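If you read the sequences in order, they're chains Z and G.
With the first sequence counted from 1, adding 30 to any position gets you my numbering.
With the second sequence counted from 1, adding 704 to any position gets you my numbering.
Some hints here could point you the wrong way.
Said to hold, decoys possible - Listed below are the simulated DSBU-like cross-link pairs for lysine-lysine, each with C-alpha atoms no more than 35 angstroms apart in a straight line:
#1 Lys717(G) to Lys99(Z)
#2 Lys129(Z) to Lys761(G)
#3 Lys761(G) to Lys100(Z)
#4 Lys86(Z) to Lys707(G)
#5 Lys775(G) to Lys99(Z)
#6 Lys56(Z) to Lys707(G)
#7 Lys717(G) to Lys129(Z)
#8 Lys86(Z) to Lys775(G)
#9 Lys757(G) to Lys141(Z)
#10 Lys761(G) to Lys141(Z)
#11 Lys757(G) to Lys774(G)
#12 Lys774(G) to Lys99(Z)
#13 Lys717(G) to Lys56(Z)
#14 Lys722(G) to Lys100(Z)
#15 Lys759(G) to Lys129(Z)
#16 Lys757(G) to Lys99(Z)
#17 Lys707(G) to Lys100(Z)
#18 Lys722(G) to Lys129(Z)
#19 Lys761(G) to Lys56(Z)
#20 Lys86(Z) to Lys717(G)
What the hints assert, rightly or not - Label pairs and their calculated CB-CB ranges:
#21 His87(Z) to Ser771(G): 24 to 32 angstroms
#22 Arg813(G) to Lys129(Z): 47 to 55 angstroms
#23 Lys129(Z) to Pro743(G): 16 to 24 angstroms
#24 Thr107(Z) to Lys757(G): 32 to 40 angstroms
#25 Lys86(Z) to Ala800(G): 21 to 29 angstroms
#26 Pro743(G) to His87(Z): 26 to 34 angstroms
#27 Arg813(G) to Asn60(Z): 29 to 37 angstroms
#28 His87(Z) to Arg799(G): 31 to 39 angstroms
#29 Lys56(Z) to Lys761(G): 19 to 27 angstroms
#30 Pro765(G) to Arg90(Z): 37 to 45 angstroms
#31 Ile764(G) to Arg110(Z): 19 to 27 angstroms
Said to hold, decoys possible - A short, non-exhaustive set of chain Z residues, derived as facing chain G with CB atoms under 7 angstroms:
#32 Thr57
#33 His87
#34 Phe139
#35 Ala142
These are computed hints drawn from the structure, not numbers from a lab.
Since this is a predicted model, take the numbers as computed values, not measurements.
Yeah, the Cβ is synthetic: ideal placement off N, Cα and C, and Gly gets one too.
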Amino acid sequence: SQQGEEDPQALSIQEGENATMNCSYKTSINNLQWYRQNSGRGLVHLILIRSNEREKHSGRLRVTLDTSKKSSSLLITASRAADTASYFCATDGRTGGFKTIFGAGTRLFVKA
Amino acid sequence: DVKVTQSSRYLVKRTGEKVFLECVQDMDHENMFWYRQDPGLGLRLIYFSYDVKMKEKGDIPEGYSVSREKKERFSLILESASTNQTSMYLCASNRAGRNQPQHFGDGTRLSIL
């Protein structure tokens with residue numbers, strides 16, 4: 031069963047615009063992570079937000095976490111063509127030991 | 705930087721063959737993972753290992769086994785390959801403990817004919 035579910039499944043924007051992707055999850059978490067995957071490559075870790083944090087920034091990335099709504103969002107500001115990739119949220123639950131559960135991902139297309 | 709290396713980017717095998725996928729990490733990570741990735745399904749955990757010779761089943765272990773004889777190496781074995789095991793296989797590793805991001809290899813795209 032999927033813990034994290036991203037929305038939308040696909041997003042197409044123009045270069046320079048902001049891209050927002052959302053993630054919902056079902057059970058209590060220790061942390062939520064966002065990963066990026068370029069076509070044909072492995073996942074690259076972008077940012078981790080702990081369950082007691084509400085917002086975190088890293089360069090052009092801004093992540094928010096609302097544990098009451100069991101949701102998170104990833105905002106990429108001033109997008110570039112090189113941001114074209116799939117983005118996954120992943121959660122580490124409060125139970126279940128080592129298990130990180132990944133969502134199905136949002137495919138982002140940034141048009142030059 | 706952490707490097708996770710998967711032995712093959714592309715692999716084509718026949719139904720019934722025994723298939724080995726190898727993964728090596730160079731950062732002395734305690735945990736290692738094998739996932740498969742299929743369109744629309746995200747990543748699904750096959751097996752993971754938290755120490756040498758230790759393994760735990762993930763969500764979809766059927767038809768697979770693993771081996772971890774050395775800390776840096778984690779092997780995935782398809783005992784008798786079937787066409788429904790055609791997929792992208794991703795290996796990852798991380799340090800023990802909470803809030804540790806996983807580091808991924810570039811994946812092996814496996815086709816079973």
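Now for the hints, and whether the structure bears them out:
{"no.": "1", "hint": "Lys717(G) to Lys99(Z)", "verdict": "violated, 46 angstroms"}
{"no.": "2", "hint": "Lys129(Z) to Lys761(G)", "verdict": "holds, 10 angstroms"}
{"no.": "3", "hint": "Lys761(G) to Lys100(Z)", "verdict": "holds, 27 angstroms"}
{"no.": "4", "hint": "Lys86(Z) to Lys707(G)", "verdict": "holds, 26 angstroms"}
{"no.": "5", "hint": "Lys775(G) to Lys99(Z)", "verdict": "violated, 39 angstroms"}
{"no.": "6", "hint": "Lys56(Z) to Lys707(G)", "verdict": "holds, 32 angstroms"}
{"no.": "7", "hint": "Lys717(G) to Lys129(Z)", "verdict": "holds, 30 angstroms"}
{"no.": "8", "hint": "Lys86(Z) to Lys775(G)", "verdict": "holds, 33 angstroms"}
{"no.": "9", "hint": "Lys757(G) to Lys141(Z)", "verdict": "violated, 48 angstroms"}
{"no.": "10", "hint": "Lys761(G) to Lys141(Z)", "verdict": "violated, 41 angstroms"}
{"no.": "11", "hint": "Lys757(G) to Lys774(G)", "verdict": "holds, 8 angstroms"}
{"no.": "12", "hint": "Lys774(G) to Lys99(Z)", "verdict": "violated, 42 angstroms"}
{"no.": "13", "hint": "Lys717(G) to Lys56(Z)", "verdict": "violated, 38 angstroms"}
{"no.": "14", "hint": "Lys722(G) to Lys100(Z)", "verdict": "violated, 42 angstroms"}
{"no.": "15", "hint": "Lys759(G) to Lys129(Z)", "verdict": "holds, 13 angstroms"}
{"no.": "16", "hint": "Lys757(G) to Lys99(Z)", "verdict": "violated, 40 angstroms"}
{"no.": "17", "hint": "Lys707(G) to Lys100(Z)", "verdict": "holds, 33 angstroms"}
{"no.": "18", "hint": "Lys722(G) to Lys129(Z)", "verdict": "holds, 27 angstroms"}
{"no.": "19", "hint": "Lys761(G) to Lys56(Z)", "verdict": "holds, 22 angstroms"}
{"no.": "20", "hint": "Lys86(Z) to Lys717(G)", "verdict": "violated, 45 angstroms"}
{"no.": "21", "hint": "His87(Z) to Ser771(G): 24 to 32 angstroms", "verdict": "violated, 41 angstroms"}
{"no.": "22", "hint": "Arg813(G) to Lys129(Z): 47 to 55 angstroms", "verdict": "violated, 25 angstroms"}
{"no.": "23", "hint": "Lys129(Z) to Pro743(G): 16 to 24 angstroms", "verdict": "holds, 22 angstroms"}
{"no.": "24", "hint": "Thr107(Z) to Lys757(G): 32 to 40 angstroms", "verdict": "violated, 47 angstroms"}
{"no.": "25", "hint": "Lys86(Z) to Ala800(G): 21 to 29 angstroms", "verdict": "holds, 23 angstroms"}
{"no.": "26", "hint": "Pro743(G) to His87(Z): 26 to 34 angstroms", "verdict": "holds, 32 angstroms"}
{"no.": "27", "hint": "Arg813(G) to Asn60(Z): 29 to 37 angstroms", "verdict": "holds, 32 angstroms"}
{"no.": "28", "hint": "His87(Z) to Arg799(G): 31 to 39 angstroms", "verdict": "violated, 24 angstroms"}
{"no.": "29", "hint": "Lys56(Z) to Lys761(G): 19 to 27 angstroms", "verdict": "holds, 21 angstroms"}
{"no.": "30", "hint": "Pro765(G) to Arg90(Z): 37 to 45 angstroms", "verdict": "holds, 39 angstroms"}
{"no.": "31", "hint": "Ile764(G) to Arg110(Z): 19 to 27 angstroms", "verdict": "violated, 36 angstroms"}
{"no.": "32", "hint": "Thr57", "verdict": "violated, 15 angstroms"}
{"no.": "33", "hint": "His87", "verdict": "violated, 17 angstroms"}
{"no.": "34", "hint": "Phe139", "verdict": "violated, 16 angstroms"}
{"no.": "35", "hint": "Ala142", "verdict": "violated, 25 angstroms"}
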